[in-house]
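Student: Spelled out, the chains give:
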Amino acid sequence: AQSVSQHNHHVILSEAASLELGCNYSYGGTVNLFWYVQYPGQHLQLLLKYFSGDPLVKGIKGFEAEFIKSKFSFNLRKPSVQWSDTAEYFCAVRSGATNKLIFGTGTLLAVQP
Amino acid sequence: GAGVSQSPSNKVTEKGKDVELRCDPISGHTALYWYRQSLGQGLEFLIYFQGNSAPDKSGLPSDRFSAERTGGSVSTLTIQRTQQEDSAVYLCASSSDSSHYGYTFGSGTRLTVV
Chain A
1 AQSVSQHNHH VILSEAASLE LGCNYSYGGT VNLFWYVQYP GQHLQLLLKY FSGDPLVKGI
61 KGFEAEFIKS KFSFNLRKPS VQWSDTAEYF CAVRSGATNK LIFGTGTLLA VQP
Chain B
1 GAGVSQSPSN KVTEKGKDVE LRCDPISGHT ALYWYRQSLG QGLEFLIYFQ GNSAPDKSGL
61 PSDRFSAERT GGSVSTLTIQ RTQQEDSAVY LCASSSDSSH YGYTFGSGTR LTVV
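Protein chains in written order, with our numbering: chain A, 1 to 113; chain B, 1 to 114.
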């Protein structure tokens, strides 16, 4: 069965620190990859997505993610985090065989001012 | 509407009672999804609708859970004889036929079974 692993459950950073959140998936075929963000008290929002082409995708608010097919990974990065990036981040994968997204368990990011 | 609307936003119910959760997707979105979000569990897929039919209901935890969609629009998720382990946030999302748009999520219904 497809699965998504997010290795970091809780990350604490100071403002201006660099961020990398890991995401690995288990599916060998064609995949679409997503990162969603849930700010405190708000609904899930799409941060960025990969479908094809350039494996380095840029999203909103300075976030980017790199699809490395050989490693089944889609790690999220941001060079310099801000306090307002405090949120829970979810990686998700959609395989070519299904329309549903499979989500990871999420990473709670706390940025200290 | 402009977004995915879910009601109620909060529901407290007694163990053993039935509950109905409602989702109004974005107008024109043919695909609709229900997920459950529990603390530390991430988002758990429940069921997917394409139009009024449910080609994938593999995530429904038990036969106490059912869902329907009418008119290719509103969907209701029903939980019968609620149990404490049903307490969670139930999220609805919709998308257009084109998979490139991803999902748009509603704000969820927080269900507490006491």
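Just so you know, the hints here were simulated from the structure itself, not pulled from any lab data.
Be a bit skeptical, because a hint or two may be false.
As the list claims (entries may be wrong) - One side only, chain A facing chain B, incomplete, derived with CB under 7 angstroms: (1) LEU13; (2) SER14; (3) TYR39; (4) GLY41; (5) LEU46; (6) LYS49; (7) TYR50; (8) SER52; (9) LYS58; (10) GLY104; (11) THR105.
Since the model is a prediction, treat every value here as computed from it, not as a measurement.
From the three backbone atoms N, C-alpha and C, an ideal C-beta is built for every residue, glycine too.
Student: Holds or violated: is there a CB of chain B closer than 7 angstroms to the CB of A/LEU46?
Tutor: 5 angstroms, holds
Student: Can we keep the A/SER14 interface hint, with Cβ of chain B closer than 7 angstroms?
Tutor: Nearest chain B Cβ about 25 angstroms off; hint violated.
Student: Let me know if the C-beta of A/GLY41 comes in closer than 7 angstroms to any C-beta of chain B, holds or violated.
Tutor: 9 angstroms, violated
Student: Using Cβ atoms only, decide whether A/LYS58 comes closer than 7 angstroms to chain B, and label the hint accordingly.
Tutor: Not OK, violated: A/LYS58 not within 7 angstroms of chain B, min 15 angstroms.
Student: Mind checking the CB of A/TYR39 against every CB in chain B and telling me if the closest is under 7 angstroms?
Tutor: Check failed: Cβ of A/TYR39 comes no nearer than 12 angstroms to chain B, outside 7 angstroms.
Student: With a cut-off of 7 angstroms, does the beta carbon of A/SER52 approach a beta carbon of chain B closely enough for the hint to hold?
Tutor: Since chain B brings no Cβ nearer than about 10 angstroms to A/SER52, farther than 7 angstroms, the hint is violated.
Student: Would you settle whether the hint for A/GLY104 is holds or violated, based on the nearest Cβ-Cβ distance to chain B being less than 7 angstroms?
Tutor: Holds. Min distance 6 angstroms.
Student: Answer holds if the nearest beta-carbon of chain B is closer than 7 angstroms to that of A/TYR50; otherwise answer violated.
Tutor: Hint on A/TYR50: violated, closest Cβ of chain B at ~11 angstroms, above 7 angstroms.
Student: Once the shortest beta carbon distance from A/LYS49 to chain B is found, is it less than 7 angstroms?
Tutor: Cβ of A/LYS49 sits 6 angstroms from chain B, so the hint holds.
Student: Tell me if the interface restraint on A/THR105 is satisfied: Cβ within less than 7 angstroms of some Cβ in chain B.
Tutor: This interface hint holds because 4 angstroms falls under the 7 angstroms limit.
Student: Let me know if the C-beta of A/LEU13 comes in closer than 7 angstroms to any C-beta of chain B, holds or violated.
Tutor: 21 angstroms, violated
Violation of the numbered hints given earlier is confined to hints 1, 2, 3, 4, 7, 8, 9; the remaining hints are satisfied by the structure.
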